[in-house]
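If you read the protein sequences in the order shown, they are chains S and V.
Every letter in the first sequence is one number past the one before it in the numbering used here, and letter 181, counting from 1, is 181.
In the numbering used here, each residue's number is its place in the second sequence (first place is 1) plus 1000.
Hints are computed from structural coordinates only; laboratory data are not their basis.
Possibly wrong hints are sitting among the right ones.
To be verified - Computed footprint of chain V on chain S, listed as stretches where at least three residues anywhere in the stretch have a Cβ under 8 Å from a Cβ of chain V:
hint	region
1	45-51
2	111-123
3	265-279
4	586-597
5	635-644
Just so you know, even glycine gets a beta-carbon here, dropped at the ideal spot from N, CA and C.
Okay, here's what each chain looks like letter by letter:
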Amino acid sequence: MSNTNYIGKALSRVDGPAKVTGAAKYAAEFNVPGLVYGYVVSSPVAKGKITKIDAAEVLALPGVLQVFSHENVPMLALLDRSYKDDVAPGGSPFRPLHDAEIKFSQQPVALVVADTFELARYAASVLKIEYETVAHETDLETKRGEGFEPGTGKTGFVPPPPPRGNPDKEFENAVHRIDQEYVHGTQHHNPMEMFGTTAEYLDGGKLNVYDKTQGALNSQRYIRQIFGLSKDDARVISKYTGGGFGSGLRPQYQLFMAVLAALELKKSVRVSLTRQQMFSFGHRPHTLQTVKLGTNADGSLAALHHHALHETSRFEDYTENVVNWSGMLYQCDNVKLGYQLAKLDVYTPQDMRAPGAATGLFALEVAMDEMAYAAGLDPLEFRLRNYADRDQNLDKPFSSKKLRECYHEGAAKFGWEERNPAPRSMRQGNMLVGYGMATGVWDASQQKAGAKVSLSADGKLTVQSATNEIGTGTYTIMTQVAAEYLGLPLEAVDFQLGDTDFPAAPVQGGSWTAASVGTAVKNACEALGEKLLKLAQQMEGSPLKDAKFEDVEFVNGQLRLRLDPGQAVVVRDIVQASGETKVEADATAMPNLIKQKQYSLHAHNAVFVEVQIDEELGTLHVTRVVNAVAAGRIMNPKTARSQVLGSVVWGLSMALMEETVMDHQFGRYVNHNYAEYHIPVCADIHDIDVLFVEEEDDIVNPLGVKGIGEVGMLGVAAAITNAVYHATGKRIRELPIMIDKLL
Amino acid sequence: MPENPTHTSGAAITAPLPPVSPVTLRINGQERQLHIAPWTTLLDALREYLDLTGTKKGCDHGQCGACTVLVDGKRINACLTLAVMQEGRDITTIEGMGTEEKLHPLQQAFIDHDAFQCGYCTPGQICSAQGLINEGKAKTAAEIKELMSGNLCRCGAYTNILAAVQEVVEMELKIKN
Chain S
1 MSNTNYIGKA LSRVDGPAKV TGAAKYAAEF NVPGLVYGYV VSSPVAKGKI TKIDAAEVLA
61 LPGVLQVFSH ENVPMLALLD RSYKDDVAPG GSPFRPLHDA EIKFSQQPVA LVVADTFELA
121 RYAASVLKIE YETVAHETDL ETKRGEGFEP GTGKTGFVPP PPPRGNPDKE FENAVHRIDQ
181 EYVHGTQHHN PMEMFGTTAE YLDGGKLNVY DKTQGALNSQ RYIRQIFGLS KDDARVISKY
241 TGGGFGSGLR PQYQLFMAVL AALELKKSVR VSLTRQQMFS FGHRPHTLQT VKLGTNADGS
301 LAALHHHALH ETSRFEDYTE NVVNWSGMLY QCDNVKLGYQ LAKLDVYTPQ DMRAPGAATG
361 LFALEVAMDE MAYAAGLDPL EFRLRNYADR DQNLDKPFSS KKLRECYHEG AAKFGWEERN
421 PAPRSMRQGN MLVGYGMATG VWDASQQKAG AKVSLSADGK LTVQSATNEI GTGTYTIMTQ
481 VAAEYLGLPL EAVDFQLGDT DFPAAPVQGG SWTAASVGTA VKNACEALGE KLLKLAQQME
541 GSPLKDAKFE DVEFVNGQLR LRLDPGQAVV VRDIVQASGE TKVEADATAM PNLIKQKQYS
601 LHAHNAVFVE VQIDEELGTL HVTRVVNAVA AGRIMNPKTA RSQVLGSVVW GLSMALMEET
661 VMDHQFGRYV NHNYAEYHIP VCADIHDIDV LFVEEEDDIV NPLGVKGIGE VGMLGVAAAI
721 TNAVYHATGK RIRELPIMID KLL
Chain V
1001 MPENPTHTSG AAITAPLPPV SPVTLRINGQ ERQLHIAPWT TLLDALREYL DLTGTKKGCD
1061 HGQCGACTVL VDGKRINACL TLAVMQEGRD ITTIEGMGTE EKLHPLQQAF IDHDAFQCGY
1121 CTPGQICSAQ GLINEGKAKT AAEIKELMSG NLCRCGAYTN ILAAVQEVVE MELKIKN
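Isolated chain S (complex conformation) (with noise of 0.2 Å):
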């Protein structure tokens, strides 16, 4: 028996007791001794340059130390490469206070560094600044005709592949047709955290940097080439943040300016930025797409169209995969997949949940919907009759694929059966009722990453990965893999993240960190086990003396033999009787490529989901969810439901709530704050039901863990625009769907 297995169960967060108490520390919360304060200044116009900015006033007022502009930043960096983050997209980054020219609006122009807070807020806001600006572009809408292809500049941008089979002649030839426009606009990651860095400045000019990000490392890297520091110089330390949902992938510019006013003044330095200026960098594009579906006379897919434009800055070529999801969810042998970007005078987009996937399902399930119609099928029906049982972009089998397990127990569990298909056909009291499904599918992930594992005399193990925590329960899910791995109890692990003094892993995105951290912290654990294991048996009388580390086990505390349990060793005797005060190793983990590349490696998801909406009013509901999700192993089944029952909540927010609108006269973002900036509040959400479909998959990685971050997400909003037709009869197609759509 064993009391030391921990992988799979609904375990608590370890970090919870820190997070319900106010113990967690975020970035812009390490009141170092000294402390002064940058306030960043934004500009008001989109495009054109700086003429003058007069500081003098502002330099004059009692406790401001400096203002820091174009003007006056000392020389930095020559190449763009410099700037460039390790998810930077191709293109020319956008340097901070680099020059007089303005790119976009609310660009960073200035940083105000007083003695507190209150002043440098005020100071900021009276010093004057004269811009000359010349016209702008920022709609989508009027560069239709002007959409170019992108390299493949940024990491795990995978080009749409080439057309396969006759599309255009299948899709004339179909029995039943559909030609869409599906649209939604910019949104805001906008984590509850704002982006706050925390420069502390240490004796011989060394830095302490407290950052909002979802990798450390990144952020060191970016800081280290721009200011030419060494790895020593400037160590990065993130042990919590406020949300990321990918905003904090990049690093962002209260870094450079904490940073920079640092070493500058040689004093420690905070900048926090605004909820207004959350909006002044990366977001999800505004996308146009158009979706054609053909159908044979049996409902099997004819042919498959799809082809995405969104919005780029002039700057960088931000790229997703929007479209190539279309390609290998349905089996289609008639296929044509198209890319765009156009370029905008806004800011670079940047990754937002489930990038890509996220708009690119929205478009192509909404016309599953559709064309299930048109065809007179069933949509969960249409979708079975072209299930894909091999990939075929790659041409290769998935290494595992349970969607079907998702749709069938997904339409058990919400009660498929019972809907009539006919839209407007079922009510409940005054309100219109609405059923609607839709799927979702997301990459299986490893990045190279590593980890330390320290075991103390006292018992005590300690594991450090230069990960990151937002929110995604990694502090939790690392505890039960080294306590499992090392048969240790949950309270004998500490596992320490966001620090640049750790071994290296990737970003924390892409839904992979349980896979490639997990890993890593399974490798250092038995590699301190194979030491632990020779440490044994030199311990007198061992009576693991001929053992092999295939014959052991880490159990409850002990070491033990397999066969022969009574033959054991307690853990913390080893170390005590070793001499030493504590025994280590490391690993790195990497993805096995040989094991993986005969295969495509995908999460899966189906969700079904209930709608009511007042016919006269036109407020609508989302009053069930089911979100059936095959992801490999769920490593821990109660920090896993929270992240899709926060998936489904994201999913609801993008189909009926979340758009950034521009005011295309000032090329300005005019809803830049929380109030105007619509996300659900606990009042507009109402039964979600979370399955997870048992998937085993030894091909993705050694723990079965596909990450299930983003997954969770897909096919909500494609589900509930579904719902909406079939409650209403009213077909949209341009998210979100607001009453006004409705009515």
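Based on these hints, arrange chain V on the given structure of chain S.
Chain V alone, transformed into the frame defined by chain S:
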């Protein structure tokens, strides 16, 4: 050629800087002396002057509820009040609710129900829930959801927040009856 349009930003300086003066706040049962200018919000006083960083800043405009604290038992947004306005009142922050060793029932319920992910809105949610309990109005799930809707959670933990708050509300109702 007409010149390109120009634009000037930056307000005029119309008044001298406000003076710093002593302010005494009673926070979590302790008198705390600080020297601040009157334009300092209660939120910044807590976070930047008293190192009570459990109270979070999510918008600074009363739009998100992350800075919710209790003043004389009532929940308020600490970003929408100046510290000097709260002299003589009883201020309770998340640090005064419970400790890691001795958790408040709401804190325990939030852990048990996994009512948070990133944790940034959590102190505000918990203080808000205590305020809601003090108000004594919310009894049903629908009422709790409505009256907890001033606290945003971008991770979308609402299902579990409701479960956690409901558990403690029902516990309190049982004790009362």
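Tested hints:
1. 45-51: Holds, because 3 residues of the region 45-51 of chain S bring their Cβ atoms closer than 8 Å to Cβ atoms of chain V.
2. 111-123: Result for this restraint: holds, n = 5.
3. 265-279: holds (count 3)
4. 586-597: Violated: only 0 residues of the region 586-597 of chain S have a Cβ under 8 Å from chain V.
5. 635-644: That given contact holds, which follows from 5 residues of the region 635-644 of chain S lying within Cβ reach (below 8 Å) of chain V.
In summary, the structure is inconsistent with hint 4 from the numbered list given earlier, while agreeing with all the others.
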